[in-house]
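K.L.:
Using the hints, position chain B against chain A.
2 protein chains.
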Amino acid sequence: MSIVVQKYGGTSVGTPEKIKNIAEKIISRKEKGDGVVVVVSAMGKTTDLLLEMSKGITKNPHKRELDMLMSTGEQVTITLVAMALHERGHDCISLTGFQAGIQTQGYHTKARIHDIDIEKVNSHLKEGKIVVVAGFQGMNENGDITTLGRGGSDTTAVALAAKLGCSCEIYTDVDGIYTVDPRVFSTARKLDYISYEEMLEMASLGAGVMETRAVEMGQKFNVPIYVALSMEDWPGTYIKGMDMTMEKRAITGLSISDKDLMVTVNHIKYDTKNIAYIFNTLAKMDVNVDMISQTAPVNGFVNLSFTAPKLDENTILNIMKDLKGKLNDIEVEIERDITKLSVVGIGMRSQSGVAAKMFDIFAENDISFKQVTTSEIRISYTISTKDRNKAVEVVATEFDL
Amino acid sequence: MSIVVQKYGGTSVGTPEKIKNIAEKIISRKEKGDGVVVVVSAMGKTTDLLLEMSKGITKNPHKRELDMLMSTGEQVTITLVAMALHERGHDCISLTGFQAGIQTQGYHTKARIHDIDIEKVNSHLKEGKIVVVAGFQGMNENGDITTLGRGGSDTTAVALAAKLGCSCEIYTDVDGIYTVDPRVFSTARKLDYISYEEMLEMASLGAGVMETRAVEMGQKFNVPIYVALSMEDWPGTYIKGMDMTMEKRAITGLSISDKDLMVTVNHIKYDTKNIAYIFNTLAKMDVNVDMISQTAPVNGFVNLSFTAPKLDENTILNIMKDLKGKLNDIEVEIERDITKLSVVGIGMRSQSGVAAKMFDIFAENDISFKQVTTSEIRISYTISTKDRNKAVEVVATEFDL
Numbered sequence: 001m002s003i004v005v006q007k008y009g010g011t012s013v014g015t016p017e018k019i020k021n022i023a024e025k026i027i028s029r030k031e032k033g034d035g036v037v038v039v040v041s042a043m044g045k046t047t048d049l050l051l052e053m054s055k056g057i058t059k060n061p062h063k064r065e066l067d068m069l070m071s072t073g074e075q076v077t078i079t080l081v082a083m084a085l086h087e088r089g090h091d092c093i094s095l096t097g098f099q100a101g102i103q104t105q106g107y108h109t110k111a112r113i114h115d116i117d118i119e120k121v122n123s124h125l126k127e128g129k130i131v132v133v134a135g136f137q138g139m140n141e142n143g144d145i146t147t148l149g150r151g152g153s154d155t156t157a158v159a160l161a162a163k164l165g166c167s168c169e170i171y172t173d174v175d176g177i178y179t180v181d182p183r184v185f186s187t188a189r190k191l192d193y194i195s196y197e198e199m200l201e202m203a204s205l206g207a208g209v210m211e212t213r214a215v216e217m218g219q220k221f222n223v224p225i226y227v228a229l230s231m232e233d234w235p236g237t238y239i240k241g242m243d244m245t246m247e248k249r250a251i252t253g254l255s256i257s258d259k260d261l262m263v264t265v266n267h268i269k270y271d272t273k274n275i276a277y278i279f280n281t282l283a284k285m286d287v288n289v290d291m292i293s294q295t296a297p298v299n300g301f302v303n304l305s306f307t308a309p310k311l312d313e314n315t316i317l318n319i320m321k322d323l324k325g326k327l328n329d330i331e332v333e334i335e336r337d338i339t340k341l342s343v344v345g346i347g348m349r350s351q352s353g354v355a356a357k358m359f360d361i362f363a364e365n366d367i368s369f370k371q372v373t374t375s376e377i378r379i380s381y382t383i384s385t386k387d388r389n390k391a392v393e394v395v396a397t398e399f400d401l
Numbered sequence: 001m002s003i004v005v006q007k008y009g010g011t012s013v014g015t016p017e018k019i020k021n022i023a024e025k026i027i028s029r030k031e032k033g034d035g036v037v038v039v040v041s042a043m044g045k046t047t048d049l050l051l052e053m054s055k056g057i058t059k060n061p062h063k064r065e066l067d068m069l070m071s072t073g074e075q076v077t078i079t080l081v082a083m084a085l086h087e088r089g090h091d092c093i094s095l096t097g098f099q100a101g102i103q104t105q106g107y108h109t110k111a112r113i114h115d116i117d118i119e120k121v122n123s124h125l126k127e128g129k130i131v132v133v134a135g136f137q138g139m140n141e142n143g144d145i146t147t148l149g150r151g152g153s154d155t156t157a158v159a160l161a162a163k164l165g166c167s168c169e170i171y172t173d174v175d176g177i178y179t180v181d182p183r184v185f186s187t188a189r190k191l192d193y194i195s196y197e198e199m200l201e202m203a204s205l206g207a208g209v210m211e212t213r214a215v216e217m218g219q220k221f222n223v224p225i226y227v228a229l230s231m232e233d234w235p236g237t238y239i240k241g242m243d244m245t246m247e248k249r250a251i252t253g254l255s256i257s258d259k260d261l262m263v264t265v266n267h268i269k270y271d272t273k274n275i276a277y278i279f280n281t282l283a284k285m286d287v288n289v290d291m292i293s294q295t296a297p298v299n300g301f302v303n304l305s306f307t308a309p310k311l312d313e314n315t316i317l318n319i320m321k322d323l324k325g326k327l328n329d330i331e332v333e334i335e336r337d338i339t340k341l342s343v344v345g346i347g348m349r350s351q352s353g354v355a356a357k358m359f360d361i362f363a364e365n366d367i368s369f370k371q372v373t374t375s376e377i378r379i380s381y382t383i384s385t386k387d388r389n390k391a392v393e394v395v396a397t398e399f400d401l
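Chains as they are written, first to last, in my numbering: chain A, 1 to 401; chain B, 1 to 401.
I should point out that these hints are in silico values taken from the structure, not numbers from a laboratory.
Some hints could be false.
Since the list gives no way to pick one copy over another, a pair counts as held whenever it fits inside one copy or between any two copies.
With a Cα cut of at most 20 Å, we get these calculated SDA-like pairs of lysine to any residue [as the list claims (entries may be wrong)]: (1) 370 to 261; (2) 370 to 337; (3) 30 to 355; (4) 55 to 44; (5) 32 to 122; (6) 20 to 53; (7) 240 to 222; (8) 120 to 143; (9) 126 to 143; (10) 310 to 149; (11) 55 to 89; (12) 120 to 140; (13) 20 to 51; (14) 20 to 52; (15) 386 to 397; (16) 63 to 124; (17) 59 to 294; (18) 63 to 129; (19) 63 to 16; (20) 20 to 63; (21) 18 to 58; (22) 321 to 108; (23) 63 to 89; (24) 240 to 162; (25) 55 to 87.
Pulled out of the complex, with its shape left as it was, chain A reads as follows:
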């Protein structure tokens, strides 16, 4: 029996009608003879509604309790999907993260999957059941319910596929991976294939389709991931290992993100301990720092800039207040109207001149940037949000995306 893991996101299960639709889709796959594991998220706005409820009680909910609250969202969806499958005469069973054997470690609201006792899912598959698993959640070693944070349901799906040794299909409200976000650049092209590495860079840079961690897990365990529309039967995009059949493009895609802010810390007494202290403190508070740039020391002082999620602004402000106490002299500046623009492509490894061409394009079009960082397969810029659309237009056109 070949097995497939299908994941349906929140908008795909947002109403009873939609749930009935995906039930049909699941059944048609099952009837082809495949063993089907379905992973679902909370329905549409459920997560927001639950958060709102907690805000009626406290502004600062206890994180263990918040996890316990949020996990009810997916639990509701799995039961409704299972009811719809039963109604259509198909044997199935819904499982919470815990019941599906998903063991987690780490912080509440941001837990990681440590392992999956896959026998629990396997035994139901062997009995011919469709197995419907709650995404985004698991249980830690203390028996507490945990949630996986952003992209958690995708991660659940890919992790299950890794353990089952099968491929993973992510059904969502976009029909695949595009060279550029089509909402920003309407003539963007849909990719048939993208490598894990490219997708990772695109995802970490804000291409909203999939979160980094799910793609990382796919890469680690070589799980083929297929991203497609949940409601239509159009071809989507395969995310898989690089192979020779893939076209060698210099640039595969362009990502933009408005979700970060830029923190600049000026006049830091130059001492690697000081810099390490800053990033250790941020890491301890689980703030995901992305683009880091540091100037060479002048008169024994350095300036430092980094980007981090706008969502973490309060945490960052607290850390910076604390830093000012520890490292006198420093000045902290936060810029909120910034956009990260990145171009990504495995071809960059073998084709030189991408960076040079980018600087040319920016200069010709009078777009200034605040930071630039590069990796083997991407170049990222921090620009003002007001320049965003113009920059996307000219870069996408030049690289024929």
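P.N.:
For chain B alone, coordinates are given in the frame of chain A:
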């Protein structure tokens, strides 16, 4: 450390404001030095909303899935109560039925508590935490989430108190047990004490305050139960074992219930196997039959009447259809406009003449009844619902309730 189990029902936790209020109430108890275990139901109309969601998918939801769906209701409440306690600086932990060690057996949607691994709750109490447990739910031997059916949260609370060897306080929207439902008979008196036996009869007869099974469990394990208002500090009613200090009243209370219908099966070929078959079939489908009356056989045929919950009407109709196939000749009649009226009192054991007085009252006031059944401490009548208020008035007045 003395321990108490407090249970708060759905209306007591219906809004964030109410949850904050009960948090204060819980804390004031905790600050007296008691170990406090809190059992809560789903918020207000949550259960209805979840049922409605399932109806968007199917008219006949799979019962295992329905349990999994319904159990999210209490899970939401425990997290909000725990958040409110944390917010006020009190260490606490929320536990689902499973996490609290509640093991169940029997049918989905109507499971029974088989045992409680009380060490899970005890270890948190020992650490000084307030333990907030989801009522109404547990986990069966297959690892499936189950719900306990009507009165489930009360049962959870009393069962926990039994295991902890402490008393149980049921906070609700009525301020105690009355001789007669005060909504029907406004001058009814509140009882300070009532025995388990009397309460059992009252509850099984429709006194809405507590379900039979919770009182039964209280009686079995001798758990003192205190029923009082959740929002005010008025004295409530103690339900406890009979002792010498209790007043010997002939009649403690009068109960009425409009929740049942009466089924009459006429012209059954007289054979104890036939009668047994009827009640076995009803029991198999988990229909709770209450008042049973059967006439003596005439020409080898008997007539039979019984009352059962209106909620089970569809099940009963199916069973009766099936019965007609098996036992030809029979005629089935269902009456929906009936009320069960019962008088209950331990004093009946020692005081004769209650039955005679009741028949007198009914005759004098021209109230006809369809069935009458008696037990050691109660007499119940099935009357037309149109006669209900008049009957309550005259009986309550005659017995000074």
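K.L.:
Run every hint past the structure and note whether it holds.
P.N.:
Evaluated hints:
| no. | hint | result |
| --- | --- | --- |
| 1 | 370 to 261 | within (12 Å within a copy, 77 Å between copies) |
| 2 | 370 to 337 | within (12 Å within a copy, 79 Å between copies) |
| 3 | 30 to 355 | neither (48 Å within a copy, 65 Å between copies) |
| 4 | 55 to 44 | both (19 Å within a copy, 18 Å between copies) |
| 5 | 32 to 122 | within (19 Å within a copy, 51 Å between copies) |
| 6 | 20 to 53 | between (28 Å within a copy, 13 Å between copies) |
| 7 | 240 to 222 | within (7 Å within a copy, 65 Å between copies) |
| 8 | 120 to 143 | both (17 Å within a copy, 11 Å between copies) |
| 9 | 126 to 143 | between (27 Å within a copy, 18 Å between copies) |
| 10 | 310 to 149 | within (16 Å within a copy, 46 Å between copies) |
| 11 | 55 to 89 | between (41 Å within a copy, 17 Å between copies) |
| 12 | 120 to 140 | both (17 Å within a copy, 16 Å between copies) |
| 13 | 20 to 51 | between (27 Å within a copy, 17 Å between copies) |
| 14 | 20 to 52 | between (28 Å within a copy, 15 Å between copies) |
| 15 | 386 to 397 | within (19 Å within a copy, 82 Å between copies) |
| 16 | 63 to 124 | between (32 Å within a copy, 18 Å between copies) |
| 17 | 59 to 294 | neither (36 Å within a copy, 63 Å between copies) |
| 18 | 63 to 129 | between (35 Å within a copy, 16 Å between copies) |
| 19 | 63 to 16 | between (30 Å within a copy, 18 Å between copies) |
| 20 | 20 to 63 | between (34 Å within a copy, 18 Å between copies) |
| 21 | 18 to 58 | between (33 Å within a copy, 13 Å between copies) |
| 22 | 321 to 108 | neither (25 Å within a copy, 54 Å between copies) |
| 23 | 63 to 89 | between (40 Å within a copy, 14 Å between copies) |
| 24 | 240 to 162 | within (13 Å within a copy, 58 Å between copies) |
| 25 | 55 to 87 | between (37 Å within a copy, 11 Å between copies) |
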